[in-house]
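4 protein chains.
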Amino acid sequence: MAGNTFGHLFRISTFGESHGKAIGVIIDGCPSNVDIDLEFIQAELDKRRPGQSKITTQRKESDTASVLSGVFEGKSTGTSLALLIPNEDQRSKDYDHNKDIFRPSHADYTYQEKYGIRDYRGGGRSSARETAARVAAGAVAKLFLKQKGIEIFAHVSSAGKVDAPNLPSEDLSKLLEIRESNIVRCADPATANEMIELIDSVRKDGDTIGGKVSCIIRNCPVGLGEPVFDKLHADLGKAMLSINAVHGFEYGSGFSGSEMRGSEHNDIFRPSEAGSGVSTSTNFSGGIQGGISNGMDITFRVAFKPVATIMHNQQTIDKEGNAAEIKGKGRHDPCVVPRAVAIVEAMAALVIADHYLRQAAYQH
Amino acid sequence: MAGNTFGHLFRISTFGESHGKAIGVIIDGCPSNVDIDLEFIQAELDKRRPGQSKITTQRKESDTASVLSGVFEGKSTGTSLALLIPNEDQRSKDYDHNKDIFRPSHADYTYQEKYGIRDYRGGGRSSARETAARVAAGAVAKLFLKQKGIEIFAHVSSAGKVDAPNLPSEDLSKLLEIRESNIVRCADPATANEMIELIDSVRKDGDTIGGKVSCIIRNCPVGLGEPVFDKLHADLGKAMLSINAVHGFEYGSGFSGSEMRGSEHNDIFRPSEAGSGVSTSTNFSGGIQGGISNGMDITFRVAFKPVATIMHNQQTIDKEGNAAEIKGKGRHDPCVVPRAVAIVEAMAALVIADHYLRQAAYQH
Amino acid sequence: MAGNTFGHLFRISTFGESHGKAIGVIIDGCPSNVDIDLEFIQAELDKRRPGQSKITTQRKESDTASVLSGVFEGKSTGTSLALLIPNEDQRSKDYDHNKDIFRPSHADYTYQEKYGIRDYRGGGRSSARETAARVAAGAVAKLFLKQKGIEIFAHVSSAGKVDAPNLPSEDLSKLLEIRESNIVRCADPATANEMIELIDSVRKDGDTIGGKVSCIIRNCPVGLGEPVFDKLHADLGKAMLSINAVHGFEYGSGFSGSEMRGSEHNDIFRPSEAGSGVSTSTNFSGGIQGGISNGMDITFRVAFKPVATIMHNQQTIDKEGNAAEIKGKGRHDPCVVPRAVAIVEAMAALVIADHYLRQAAYQH
Amino acid sequence: MAGNTFGHLFRISTFGESHGKAIGVIIDGCPSNVDIDLEFIQAELDKRRPGQSKITTQRKESDTASVLSGVFEGKSTGTSLALLIPNEDQRSKDYDHNKDIFRPSHADYTYQEKYGIRDYRGGGRSSARETAARVAAGAVAKLFLKQKGIEIFAHVSSAGKVDAPNLPSEDLSKLLEIRESNIVRCADPATANEMIELIDSVRKDGDTIGGKVSCIIRNCPVGLGEPVFDKLHADLGKAMLSINAVHGFEYGSGFSGSEMRGSEHNDIFRPSEAGSGVSTSTNFSGGIQGGISNGMDITFRVAFKPVATIMHNQQTIDKEGNAAEIKGKGRHDPCVVPRAVAIVEAMAALVIADHYLRQAAYQH
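Protein chains in written order, with the numbering used here: chain A, 219 to 582; chain B, 219 to 582; chain C, 219 to 582; chain D, 219 to 582.
The shape of chain A in the complex, shown without the other chains:
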């Protein structure tokens, strides 16, 4: 109820501050007998960790996860699975100047007002460092979904106004390979170069820029999603909007669908061929109809605002409401989307795993 818990049947609770001892997560509801591949979990964390490239923050965290419980001889036991990631490179001194001042478009003011106390070091609990715990838990969810043949793939589809073209129809493993071959994590190599150039130039200005991440979920069985309120896309939307800096979510045709006519937008069912499920000629529905997956690719897009910490002087106020001036210190990302790709995938995996189990519950 205090908001550090996500999911129902595949449920996670995360903890940890940017400059505390450690961050971590308990998974309460991982089914038993899932292969817990620690190398895979670490590889996922590596995609999110800071210090990867010139266009990410230079904070050095190895983000090494260890399992505290719930795994026996390499397999999940069905009991609470706890993962711990110690903090290593805290430079809390960098944040002394934040103690009594509110950074613009950060959570300093609202945390102070809500709680009457705040751990101001590096943003405390409001820091995006918290998302490492999500990636670790999401990696476990992915290991579960892998057993079911469900694949999840996200990439950077926009940085500022630089937009990638629609992806070619392709194996997701192939797109993943392309995506991982560039530091901005865009699956279109030409656009990737443009994006990197943009972000690097923004960084040199001491400024930041927003972007978008697009995601595909493939081989999702028909039937996931619980009408009326827990529609699959509603839970995906909540998951994405809970990620730091996200300001928008759309699935299928999204905002552009609101400009279309029904006669264009309707996805026409195609007669089934032997051995194949039902399919539609277009996919404006984004793989979800009536809140329930229909077996087509689930597609959605997430908009991230620019990072609030910039290396410019900004006017603001202090705790007493007096005018003050602030300039960004610490180590920050000029653009979050390259690291956010892993977070989007993790949250998608958590939603799908949760709904997979929910659907299983009622298939008596």
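Rather than coming from a laboratory, the hints here were simulated on the basis of the structure.
The C-beta atom is built at its ideal place from N, Cα and C for all residues, glycine as well.
Each hint should be verified, as a subset may be incorrect.
[Claimed, not checked] Label pairs and their computed distance ranges (CB to CB): (1) A/D307 / D/K317: 38 to 48 Å; (2) A/S499 / B/H315: 41 to 51 Å; (3) A/D255 / C/K366: 31 to 41 Å; (4) D/S284 / A/S399: 34 to 44 Å; (5) D/P489 / C/E395: 23 to 33 Å; (6) D/E543 / A/D307: 55 to 65 Å; (7) D/S391 / C/I486: 39 to 49 Å; (8) A/S499 / B/K366: 30 to 40 Å; (9) A/E388 / C/E291: 43 to 53 Å; (10) B/H315 / A/S387: 28 to 38 Å; (11) D/T500 / C/K547: 20 to 30 Å; (12) D/S391 / B/Q581: 25 to 35 Å; (13) B/D253 / C/D536: 21 to 31 Å; (14) C/E257 / A/E388: 33 to 43 Å.
[Unchecked claim] Calculated from the model, a selection of chain B residues having no Cβ within reach of chain A, i.e. all distances over 12 Å: (15) S231; (16) A240; (17) K265; (18) E279; (19) L394; (20) P407; (21) A408; (22) R549.
Position chains B, C and D relative to chain A; hints supplied.
Using the frame of chain A, we list chains B, C and D on its own:
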């Protein structure tokens, strides 16, 4: 878990099919001593009910709500508050042709696959008729929020490609008056006319069109929203995405914020004046920072796809996967947004009421 | 969170006051394709309804349940299943004397203090009339469990100090027949007569008496119950303790087990015979080990206090805290256990159905 | 949903196996600005830890808790509060003989069947070692409740058939002093000696014995508890029944109340005196009426079965269902109640803290 429940402390469970005996809602968590103004509840329902104008469906439902429990001498008692809305004008015969066929971009196929059974009459549980129960419950939430001075206002900001300009800074009661003076529920009268013309022409084509609803929540206290996962905008997003036909949600700067630089996007805090809370010079944050309300107007926008039922012949498949043809029957909306305004407000009220109580819980 | 909801996957929310328009329940989570046998539901309600015999309250309620949603052509559809039971024989006038006075050992004082308002007519929401909604929902749960072969049987094992002997090893259907052949619902005919005599004599004194109900759940599959906190017996205990007037719960060896030695108390596993599951030579564990069902009979016992309304003059206080005198009016039970048998079975069915679905969720 | 989470607003999730790296807990919902007194938390853990005396297991665990998050400068911040307790003295080898065999009246068989895998070392997750995490979390709840003046006191009221007399009316701090002066934790010194003698003799026999713990909650405000299903005693009952080895729960008059008449059992309200709340002449209600606290002492009693591990040869079966023989190894308690006192208090504190916040939520 099966998805008919929304909220935690101010929690609703809805029931009812399009062509069943009745629809309704239980509110489990309405605080005691709220004035339950039945006329207000009815007035809210009247904004959503069918048959209001030439640009809405012609199904005739009075949507009269009665209270079954939880109210004593005009006030809520703190116990379950049940509201019942009988169905009146069912023409189930209109749907016999749907029994064995899947309408494109409807929930027929996914419900059939998920449940192995479906009430095909009027879409059964997947019908937007279900949202009447939300509006009734939302009206109760509004009565609670009214006691706290919190106001909620939505209007149609786009129909197809016809967009309303930004609203003038104005009392919400004044904007409400303008909005209710036209049948499309847009608070800009000139745009309203254009929109009505568009929708009417689409209707005459036997087609449908999408649109957008924009919403403002004013006088929300600082501190609502629970980081990390239950950020206020994440719960608003989920609420909106759970409404039939919604394909996108954005708050504050939204998707356009992803194209901006931090130096433009940051909302600069202004020194407090006597008697006033903190304010910011711009409001790209949409009244929410770190997932917590900051006292500024909360602003968001919701994208609705075009209604799937059109009066054209369409190719589709039957239950056996064979090719079939379908043509819309029944009475349907050419565009949902005029009636959706009441639903968006209701869901917003439910989210804010829930978070109001959550915040109260921890203010010991 | 306000307490009118029970269960997670097979979740019910109840509503209604003793003297309101109706009581009822929404089941959110009944799996699809369960045969909804209305006669069975009504027969269950008949076992709980008032006015059955000389040893129950004389209030006349037919307790006729109707289905408002969630059933199509006799089968559950997987969507919210709402059941409505109108109130018929309210004599609210009988309760005018309660308006400003607190009845001893009733909920008048605590409701008034908690909510600042109370529907004093017949106890309002605190009335045991609310349990009719539980019995209706429990009947649906039983119909689901019947498909799985799971049987639930309860009977009155004590009235005051009159205790029934242990039941013979017998088919539950046979025990049910015996139980229903007497008005006190004890499966031992000789004891039943003694109990009836006791209760009738207590009634003639204008007094009331407590009692106990014992319950057996048979053919429950191995594996239901979620350690650590949601042990099967913990959820059964909560369910039973939530029934009006219940003051105690024990399972298996219960309180007497606390006086035993491990060497006596341990249930020795017996080697499996072909075609049979594992069994134990004794069943002090009550069919549950480590919070998880082991396939043996689940056995528990529930203690009910005497009804608080007696036909004697009693000292008490009024709303201002002044001394006052009260004498029971209205129509009340001299002993609740004969009618409570149906409630105990219903709550047991709801717990088992919920845990059945929970277990199914993780059996991927 | 998988059962490792307890509470709603003051919610805990625990993790850890008997022989894993560590056990611990996340508290999601501790209000901000609670003084987190680590010495107090440790002192609570010391009352539960093994190796305290000759009548407890000889396993040596210091049970040292450290805070990983949620505390800043000695105070709770309102964000997830994580506590970690490393395991130290695992002798996993002691459990090799359990790998393929099911210990009678343990959770070996049911875990194996439920999950298809089990960490057999020391009982894995089914070990009572898990309760250390509850005691740590309960200590935080106590620190919160202390700020509200609410006190919780439990003691051993029975060991086997040795029963303590009713406690004198006395300050709880005084009773606590007496209780802590003897190793069995009974607040009646004469009975304590008898109990110790009994347990020691049982221990010498290689056997075990059950017992009971009684608990008093004092200064609980009027109004805690949510009818209908979340009655305060129902949640206390569930909490207690979730503790390993508990087989029964009763509050107020409990099982003996079921043998009484209403005219004896009713608690008569006494006119208020200046400056005092309402009180009753007797307290058979155990401080709870209609599921809601009435301001009187809340009293309940918990029955523990004898520990299943005994140092005798016992018949059992192996994983294949074949007859086998087992003899207890490892280090075990001859009677759990002396250590269970701290667990009962912790769980009571968690329930009261949760309901305190729930009540606060609705007191708008």
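Hint numbers not upheld by this structure, sorted from lowest to highest: 2, 5, 8, 14 and 15
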